[in-house]
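From just these sequences and the hints, can you work out the full model?
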Amino acid sequence: MLTDASSDLTAWFWTRGFAHFVDKTNGHAITCMAPHHTLATLLYADEGARAVPPPHLRWSTLQTVKDKLLVGSQTEHVYRRAQLTPLSCLPLYDASITAPAHPATFFTAAQGMRHHDDGDVKGPRPHCEALCDEDVLYSLRDDKANVPHCPLRDDAEYNARLAKYVDRPLPLQLDEAHLPYIAPFSNITKLREGQPWEYCLPMKPQQCGARRGLKTTLFETPQSKPCRSAVLQLLLENMLEVVEELSLPSFVYFGTLLGAWRDEAIIPHTPDIDIVLPSNTDWAKVQDVMWARGFYVFERDIHGACVASHHPLAALLYAPNHTLVTTTKSEHGTPYLDLYMWRRVKDRKIHVETARADLPVPHVFPLTCHETIFGNHVPGIQFPEAMFRTEYGSTYATDPRLHLASCEAYCDYQLLDNATVTSKK
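Anchor point for the sequence shown: position 293 equals 291 in the working numbering, and the numbering is continuous, going up by one each time.
Since the hints were made in silico from the structure, they are not lab data. Do not rely on the hints blindly, as some may be mistaken.
As a list, the in silico BS3-like pairs of lysine-lysine whose alpha-carbon atoms are at most 25 Å apart [unchecked claim]:
no.	residue 1	residue 2
1	Lys162	Lys223
2	Lys142	Lys162
3	Lys283	Lys188
Beta-carbon label-pair distances, calculated as ranges [unchecked claim]:
no.	residue 1	residue 2	range
4	His267	Lys162	25 to 35 Å
5	Pro364	Asp2	16 to 26 Å
6	Ser86	Pro53	49 to 59 Å
7	Pro364	Gly70	28 to 38 Å
8	Ala17	Asn157	31 to 41 Å
9	Ala3	Arg346	15 to 25 Å
A virtual CB, placed ideally from N, CA and C, is assigned to each residue, including glycine.
See the structure below:
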């Protein structure tokens, strides 16, 4: 708990069955359950009770120095006021807790965490067995790959706007230079023979800021200037629906998992979404199902996917004055999916294409639905921090490339006056 209050809470807590005191070894105020608490009889353990401290609250004091904040005695961590306020609410089980405006900036992602992984422990450890119901060492578990069945919420607002738009869509008018290459078609042979990026719709999206630019803004931004994160959300959710439909144990990874963990959103400056599929994936099947939805799946060094010209919203996204998407120009601007494959390797580890390190199976499986992106639960690995440390080091809790916080008042993203775009018939 973090507070700047100086009130003595000892008497207040005691009347409610809790002891409140200062731990002289570290200077922190502590709150724990007292013997006269209503539930004390149910929770008291007369054996092994001193093996570890009981569950408790640890209080830290907040000090303000000009526009900077210091937490307790941590002089090595200085925070900006904008990182704390305005306070937000985060879910915790079936309740809600008060949290900083940007919670991830208050995480301490220290290299010292590595020493607590116990990855090399062979066991058993008697003093641990008394505290745990699990009788198999975490590092020795061999959890099976699973399809986590993360529920996608029913986005009523987006669906209503989509239905209204599809009823009176804008016509797709391809530039003459683009017409021979990306005109809509329904030839399976041509689809299979497609080259990397060949049928991707050229786009030049705008960056819409942290935790902003949901797919509903596709009907609010000017034609050919969608929010990058809105297009990425469209790609992400369609691919997750497809892997669910095909029962593929898949998960978001790299920057996409980091954005979900850190911001519950898509990192605003990222050009792509990262999803990992199993190595035995039937890519022809994935290509067919995604093509039916208006997306093009292709293979380069890894697999990828993008919006194609026959997508229902292509007219809103297409940038006619932009160049065709090619492999020789990485800054083409068109949002896309990076699709990787995972496989089991020796020493009970999981290898993901292009990853810096293989992770132990228990760090990956069973897959969970703990993380969210724009309110939707997404499949993620069991221990995201293991990947963050191997890929990004100890600074993953903050985004060094995000500079919009001090500029958003000047560069707010463009919106149209009307809430839904329709053709002028």
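Results of checking the hints against the structure:
no.: 1; hint: Lys162 / Lys223; result: 20 Å, holds
no.: 2; hint: Lys142 / Lys162; result: 44 Å, violated
no.: 3; hint: Lys283 / Lys188; result: 15 Å, holds
no.: 4; hint: His267 / Lys162: 25 to 35 Å; result: 31 Å, holds
no.: 5; hint: Pro364 / Asp2: 16 to 26 Å; result: 41 Å, violated
no.: 6; hint: Ser86 / Pro53: 49 to 59 Å; result: 25 Å, violated
no.: 7; hint: Pro364 / Gly70: 28 to 38 Å; result: 37 Å, holds
no.: 8; hint: Ala17 / Asn157: 31 to 41 Å; result: 53 Å, violated
no.: 9; hint: Ala3 / Arg346: 15 to 25 Å; result: 49 Å, violated
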